[in-house]
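Taken in order, these protein sequences are the chains called A and H. Just so you know, the first sequence maps onto residues 78 to 298 in the numbering used here. Just so you know, the second sequence maps onto residues 76 to 421 in the numbering used here.
Since the hints were made in silico from the structure, they are not lab data. Keep in mind it's a predicted model, so treat the numbers as computed, not measured. Virtual Cβ for every residue (Gly too), placed ideally from N, Cα, C. Hints should not be assumed to be uniformly reliable.
[Stated by the list, open to error] Not close to chain H: a few residues of chain A, all C-beta gaps over 12 angstroms, as computed:
| # | residue |
| --- | --- |
| 1 | 195 |
| 2 | 203 |
| 3 | 248 |
| 4 | 262 |
| 5 | 277 |
[Said to hold, decoys possible] Pulled a few chain A residues facing chain H out of the computed Cβ check, cut under 8 angstroms:
| # | residue |
| --- | --- |
| 6 | 141 |
| 7 | 144 |
| 8 | 145 |
| 9 | 273 |
| 10 | 274 |
| 11 | 276 |
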Amino acid sequence: RPYGGYEYPQQGGFVPPDMMQQQQPYTGQIYQPTQGYTPASAQSFYGSNFEDEPPLLEELGINFDHIWQKTLTVLHPLKVADGNIMNETDLAGPMVFCLAFGATLLLAGKIQFGYVYGISAIGCLGMFCLLNLMSMTGVSFGCVASVLGYCLLPMILLSSFAILFSLQGVMGIVLTAGIIGWCSFSASKIFISALAMEGQQLLVAYPCALLYGVFALISIF
Amino acid sequence: AASRTTYRWGRAGGGGAAGPGPAGADTVSAPAQGGGSAVIDMENMDDTSGSSFEDMGEMHQRMKEEEEEAEGEAGAGEEEDGEFLGMKGLRGQLGRQVADQMWQVGKRQASRAFSLYANIDILRPYFDVEPVQVRARLLESMIPVKMINFPQKIAGELYGPLMLVFTLVAILLHGMKTSDTIIREGTLMGTAIGTCFGYWLGVSSFMYFLAYLCNAQITMVQMLSLLGYGLFGHCITLLVTYNIHFHSLFYIFWLVVGGLSTLRMVAVLVSRTVGHTQRLILCGTLAALHMLFLLYLHFAYHKVVEGILDTLEGPNMPPFQRVARDIPVVSNAVLNTTAKAIALTL
């Protein structure tokens, strides 16, 4: 295990083995970001040379290709999720999605960024506690926040629809129910594959559906 | 699985040199132990990109332990020297001790916080369920048992009740939003959560206390579970009656659905209590609280809609009596607005 004494089995998944051999110049402690996938995380190499510095996005750990892959996984509800994609906790994507959700609400005349962020935070905390209690291996808060944030994407479609049409009719209810189902199905699919909780997809999907239902309430009313 | 949640700094001391634990092979601590462990490269301390709380603590812990090891032997000698050296030695010593103590206090507080987190693991067995079991228990909660002569089994599970309470919160929120309820001192979400969780936890504790007084055979988790599943009837009733607004429909649902779930809870409690008076006290209290809660939820959270409906569709109200008179084709509204405009200009 590359992290000395660090007993987080759920974090351990994906650290490139070459990072360890490259640490020889130091006898002290090296920090690796727990979500470091890109080789830029071995920052011991990038000393003070300007030419040797990594590109900004790499240094920040924002990997657009991965963001795109995860987005596609969310958008295709029937596509089988790979358990490894959630090993790196990336909060850039979810932040963008929350902002986009708030922006589409703004276009509909509802200034509710505060509610979006508050409910996201409380919802993530609740799911974090629940998943830790229900799964054999634990889960980190970053992973939960990342998954829930990515699965907010269909809700953005709902709120953009609400800009033009009112959602309070029968069609609105049907559409809302469909979108909530889509979001919670994707989220539970990713959680199940990442945490290896077979046969409990419905039990994980239901709390997700409640959380996305609250977001949908914000969109409708 | 048992060692999964032990963190390094939850352990009392001595972890540094001994290695990370049973998980074994560890290439990072090897260089730390082998190569002059007291030397720590300060440049890397500031590299905080992507490091988390635990990383910082991890690093400090290791640094501290290595310092302790390195200075362990020389420590005794130094302290003696410090006393002889007078003020200068004392101040250096003092500074180090103060920093040391501050670190210890911080570490102790964090360990306490972590052990609080670890306590959540006590609840772990109550969340180990399958979807089939949850569905079966939901359906059973509406079926009163007939055998009250020997104690009925209560599933001590917290997933179902917790999800039912959250569902009730969601239904309440939906009801408040559709009826445009305005809460002045607080928020809609806070009110809904406070009401539902307050009922579940508060009434469970109260009933547990009464059960203790009446010598009933029931534990706190079982009481929470029983009452939680009893909220299933409330969820169904409110879901239907918040959307279809008929008074008589609500009363039918209140009696039938609410009554069935109350009967089930009462029957289970009766089977676990001995003595007529005790049974009466327990069951009377539970039935009253449960039914009254449903009544309260219905009437407190959508009376606005009721008011509108009464004025709009009351079939028992006498129709307005209109007197026919000659009015021009121009509509009343136009007439009124022109009249107002003229009045304003005058």
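Numbered hints the structure breaks, given as an ascending list: 1, 2, 5, 6, 7, 8, 9, 10
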